[in-house]
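Q: Here's the letter readout for the chains.
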Amino acid sequence: MMAEKKKTTTKKTDAKKEAPAKQVAKKQASPAATQQKPSIGVFICHCGTNIAGSMDIPAVQEYAKTLPNVGYVDNYKYMCSMPGQAVINKAIKDNKLTGVVVAACSPRLHEPTFRTATKEGGLNPFRFEMANIREQNSWVHMHDHDGSTEKAKDAVRIAVAKAALLQDLFPKTVPVERAAMVVGAGVAGMQAALDLAAAGIKTYLIESTPSIGGRMSQLDKTFPTLDCSQCILTPKMVDVGRAELIDLMTYSEVDAVEGYIGNFDVTIRKKARGVLSMAEAETKGIVGGGCNGCGDCEAPCPVIKPNEFEVGMKPRKAIYINHPQVVPLLYTIDFNACIKCGLCVTACGEKKAIDLEAKDEFVTVKVGTVILATGFDIFPIEKKEEWGYKRFENVITSLEFERLICASGPTGGYPVRPSDGERPKKIAFVLCAGSRDNTGVGKPYCSRFCCMYSLKHAHQIIEKIPGCLPIIFYMDIRSFGKMYEEFYYRIQDEGTRFIRGRVANILEDPKTKNLHVFADDTLLNRPVDVEVDLVVLAAAVQPMADTDRTRKLFGVSCTGDGWLQEAHPKLNPCGTTTAGVFLAGVCQGPKDVPDTVASAEGAASAASIPIHKGEVELEPYFATCIEERCAGCGMCVNLCPYTALALVEKDGRTVMEVTEAKCKGCGTCGGFCPGGAIWMNHFATPQIVAQIDAFLLGGGE
Amino acid sequence: MSESKFKFAFYLGCIAPNRYPGCESASIKAMKKLGVDLVPLKGASCCPAPGAFGSIDLNVFYAMAARNLVLAEQMKMDIALLCNGCYKSIWEVNHKLKHNQDLRDGVNEVLKEIDMEYKGTINVYHTAELLYNDKFIGVEKVRASVTTPLTGARIAVHYGCHLTKPHKDREFEKDVMLNTEHPVWMEELVAALGATPVEYRNKMQCCGAGGGVRGYDIVHALDIANEKLINLKEVGVDALTDICPFCQLQFDRGQIEIKEKFGVSYDLPVLHYAELLGLAQGMSPQDLGLDLHGISCESFLQKVL
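Heads up: the protein sequence lines correspond to chains A and B, in order. Just so you know, we're using our numbering here: the first sequence kicks off at 1 and counts up by one. Just so you know, we're using our numbering here: the second sequence kicks off at 1001 and counts up by one.
Only chain A is shown next, with the shape it has when bound in the complex (with noise of 0.2 Å):
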């Protein structure tokens, strides 16, 4: 750096020759950029002690005056409070200052804030520049002082170079259309859509299966209440199949999706589902017609599945509903197996709701946002061999028991041993399966809501089969929620064992089919066998297997392990980083029942509130075209991953033209650009030759 410093005064002549060209494309670029000297105001954030106990402001400081074009520098404890805002706005004012550059956190936390500051100050917003001198500095050299101040020299006079570059820029409003799209129709999804429909929109909801509900409705009870899962459920699965503003679509996928905040056009894939509602009955004219559920067509098909539902522990037919509760109660053909028999269709007779020749049909929606609410699946817990499931007949998971005590499931709600259809006298229920694994096999993360339900199924044991005693292997329980705690100690006294272990190993007896769990019981520091009939493992979950396919028709970014990114983890948990797309429930990460509907709740208001304002403002990053150079040649349009651009004929030449409602500002077409034609705003080839130049030329041209 310091060998490269000294280079500047042999390099100010190469800088100075480009100049006029940079001046062209300024003037092309912004008409209205004010060509007065550039008078920048430098302010360092002190962040308590979390800036200033890792270097020396008053040397920033001092050194930030002898910059090129800064007018006035200032430090204060907190920049981000009201006096400090007040600092900047009345030096603003004093110092006829022309831009500001905070150097403070990172732009994510307060470049909102410093904006505000600066407008108040009667500078146009976008003349503000932040240097990141915490997150990137003084946090990661928190043990290097001299380090750490000469790297914040580095920092603001970058920022400064940038700043005396900056421009007016005016963002523009677009129009929201009023309706909103939810995908995925579990109880997130639901609750998301029917709070839209409260407030006035009209919510198209998508779901992929053929009835909405997801996982909790194939849940028996929910902890720590025990209120029926069910009956609490189907009730808000009535309301949204009648809500008059709730379009709902089942069977269906997100196809495609174009468009931007407040005019998203969604293309729907309704999958051929073979089956007429009764209201596409009498579109079609058949009167009184359409499928009214009574299940005629069920008996006489031929051919017999797993029903998913009951995690294939039941049959069902290749037309079929999963469970009684269904909404729509809407029978569906399972095109996969269906032997195209008609059976079915003469069962169903005058109601000639069957179409065996159904295909895909596809519809597009305009919607003003869209809230991705597409839940979880359950790890393939097989995949830790070290446990058996699948291999051996009575180890099952925590779903698959779910349904066995659930009194609509396969054995009304008495579980029994898979092997041998015996009621089992002693269970053990397996934590962290999968969960809190960092093998490389499992997930790393903890699944949240593993140790209630089991908690939950131990109780439920003690309460339906005498004399079982329920086992449970654990590393903690992490009872965090309102009344969870309580509910711990409640198991405890039922008499359920706890031991605090990981289980390490599981193995069958080849003639009972009893199964020894190997576990070291780190409370009394010894290895544990205990033979069991029946072994839980309460596998970890994971986002659903299309979840990958949705998050980029809709441009979402997710985190390592798969889950959907939120903007913010703690103060924008519910939106993502592309305006008008929000996340409800556990795509974004595991929740129990009370958290997704919290969530939702949260998804809902957020999405509503651009669509109750009617109009958004679209951050003005977008490129333009410099016409005089653009040579029309079509490049950047292929390149564009946003489809923002286009060639059009002005004035008989072909150039380029941006729609900048589309434009997200990547540049991807600004670097690429053969002739220098396209403009970024906010961030201009100038703007950043700057910075490059400040960086290495240390503070020249």
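If you're looking for bench data, these hints aren't it; they were derived computationally from the structure. Hints should not be assumed to be uniformly reliable.
With a Cα cut of at most 20 Å, we get these calculated SDA-like pairs of lysine to any residue [unchecked claim]: (1) B:Lys1165 / A:Ser106; (2) B:Lys1112 / B:Leu1058; (3) A:Lys511 / B:Asn1179; (4) A:Lys383 / B:Arg1201; (5) B:Lys1168 / A:Ala504; (6) A:Lys390 / B:Asn1179; (7) A:Lys383 / B:Asn1179; (8) A:Lys443 / B:Glu1181; (9) A:Lys570 / A:Ser106.
Pairwise CB distance ranges, derived in the manner of DEER restraints [claimed, not checked]: (10) B:Lys1233 / A:Gly467: 28 to 36 Å; (11) B:Lys1233 / A:Lys425: 24 to 32 Å; (12) A:Thr411 / B:Lys1098: 55 to 63 Å; (13) A:Val303 / B:Val1184: 47 to 55 Å; (14) A:Gly562 / B:Lys1233: 41 to 49 Å; (15) A:Thr559 / B:Leu1301: 56 to 64 Å; (16) B:Glu1171 / A:Arg502: 22 to 30 Å; (17) B:Ser1045 / A:Arg502: 54 to 62 Å; (18) A:Met142 / B:Glu1109: 47 to 55 Å; (19) B:Pro1017 / A:Thr559: 51 to 59 Å; (20) B:Val1139 / A:Met142: 54 to 62 Å; (21) A:Gly495 / B:Ile1056: 49 to 57 Å; (22) A:Val140 / B:Lys1165: 53 to 61 Å.
Just so it is clear, CB atoms sit at the ideal spot from N, CA and C, and this is done for glycine as well.
Place chain B on chain A using the hints.
A: Frame of chain A; chain B shown alone:
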């Protein structure tokens, strides 16, 4: 017979040539029929034993293993070996030396005294890996080479520990070989010989011999082997097969010691997979040195021959 497609420097180790010479002869002859030449790695020393040496002085451990590797480098051949313990020492040291410059410099400092230098130019394979991986041989070719199918024989597999564990320190071209908890690829090889592979309780348990346990505390070592023998008796098998002469020693001689110390006898024949393969390809029990086993293989031979 056609020209062999692959040539490997054949590292014998200690137990195979001294206790179970059948493993050695069967490996060379059977692999030859499958298009793989095993060329003797002359001048090789002990691998050295990972437990006995590795837990006392790592510098000696690395240097001795590196010397064996250099001998093969000089032959310009990859190493093939037939013992899990040797695999741990030689494969792992080769892997570490390839990726750790400091370690390599240290080892070369020692090797300089005997005018050798480790260069990291070869790979190390277990013969079981060569048999399973169709890049070299593969199950189908093994099946095709069988002239005396071991039909009707119920055979259990003991995988041993060091070939696949520790999982995080192993790399195999065949993903199924990375399975440490319930692998079944050896069962495929057993089935290829016409025999019936048999699953049993706690298949992946250690034989009890490794890590110096057999040398240090024979009663505990035998106790572990005894537990496996109980589990094998439970399902009833005609023979146990292994891919490690040290495991084989533990189960074969170990049965005699278990009889002496615990008073139980199993009389379960224990054969290295190479010996099984040799039998299935028509080699005689005498050629395979099966009469040198501690536990008579007669009951098994009567069943299959």
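Q: Hint by hint, note whether the structure agrees.
A: Right, here's what the structure says about each hint:
1. Distance check on the hinted pair: B:Lys1165 and A:Ser106 sit about 45 Å apart at the alpha-carbon level, beyond 20 Å; violated.
2. Our distance criterion of 20 Å between C-alpha atoms is met by B:Lys1112 and B:Leu1058, whose separation comes to about 18 Å.
3. The straight-line distance between the Cα atoms of A:Lys511 and B:Asn1179 is roughly 26 Å, outside the 20 Å bound, and the hint therefore fails.
4. Using a Cα cut-off of 20 Å, the hinted pair A:Lys383 and B:Arg1201 holds, with the two alpha carbons roughly 19 Å apart.
5. A distance of roughly 17 Å separates the Cα atoms of B:Lys1168 and A:Ala504; the hinted pair therefore holds under the 20 Å criterion.
6. Between the alpha carbons of A:Lys390 and B:Asn1179 the distance comes to roughly 16 Å, so the proposed pair stays at or under 20 Å and holds.
7. Distance hint between A:Lys383 and B:Asn1179 is fulfilled; the C-alpha atoms sit about 10 Å from each other, no more than 20 Å.
8. The straight-line distance between the Cα atoms of A:Lys443 and B:Glu1181 is roughly 18 Å, inside the 20 Å bound, and the hint therefore holds.
9. Between A:Lys570 and A:Ser106 the CA atoms are separated by roughly 15 Å; this keeps the pair inside 20 Å, and the hint holds.
10. Between B:Lys1233 and A:Gly467 the beta carbon distance is about 33 Å. The supplied range of 28 to 36 Å therefore holds.
11. At roughly 27 Å, the beta-carbon separation of B:Lys1233 and A:Lys425 lies within the given 24 to 32 Å, and the hint holds.
12. The hinted range of 55 to 63 Å is satisfied by A:Thr411 and B:Lys1098, whose Cβ atoms lie roughly 56 Å apart.
13. Checked against the hint of 47 to 55 Å, the pair A:Val303 and B:Val1184 fails, with Cβ atoms roughly 32 Å apart.
14. Distance hint check for A:Gly562 and B:Lys1233: the Cβ-Cβ separation is about 46 Å, which falls inside the suggested range of 41 to 49 Å.
15. With their beta carbons about 60 Å apart, A:Thr559 and B:Leu1301 fall inside the hinted range of 56 to 64 Å.
16. In this structure, B:Glu1171 and A:Arg502 meet the distance hint of 22 to 30 Å, their C-beta atoms being roughly 27 Å apart.
17. Between B:Ser1045 and A:Arg502 the C-beta distance comes to about 41 Å, which lies outside the given range of 54 to 62 Å.
18. Roughly 39 Å separates the CB atoms of A:Met142 and B:Glu1109, a value that falls outside the hinted 47 to 55 Å.
19. Between B:Pro1017 and A:Thr559 the C-beta distance comes to about 55 Å, which sits within the given range of 51 to 59 Å.
20. At roughly 58 Å, the beta-carbon separation of B:Val1139 and A:Met142 lies within the given 54 to 62 Å, and the hint holds.
21. Between A:Gly495 and B:Ile1056 the beta carbons are some 51 Å apart, a value that agrees with the proposed interval 49 to 57 Å.
22. Distance hint check for A:Val140 and B:Lys1165: the Cβ-Cβ separation is about 38 Å, which falls outside the suggested range of 53 to 61 Å.
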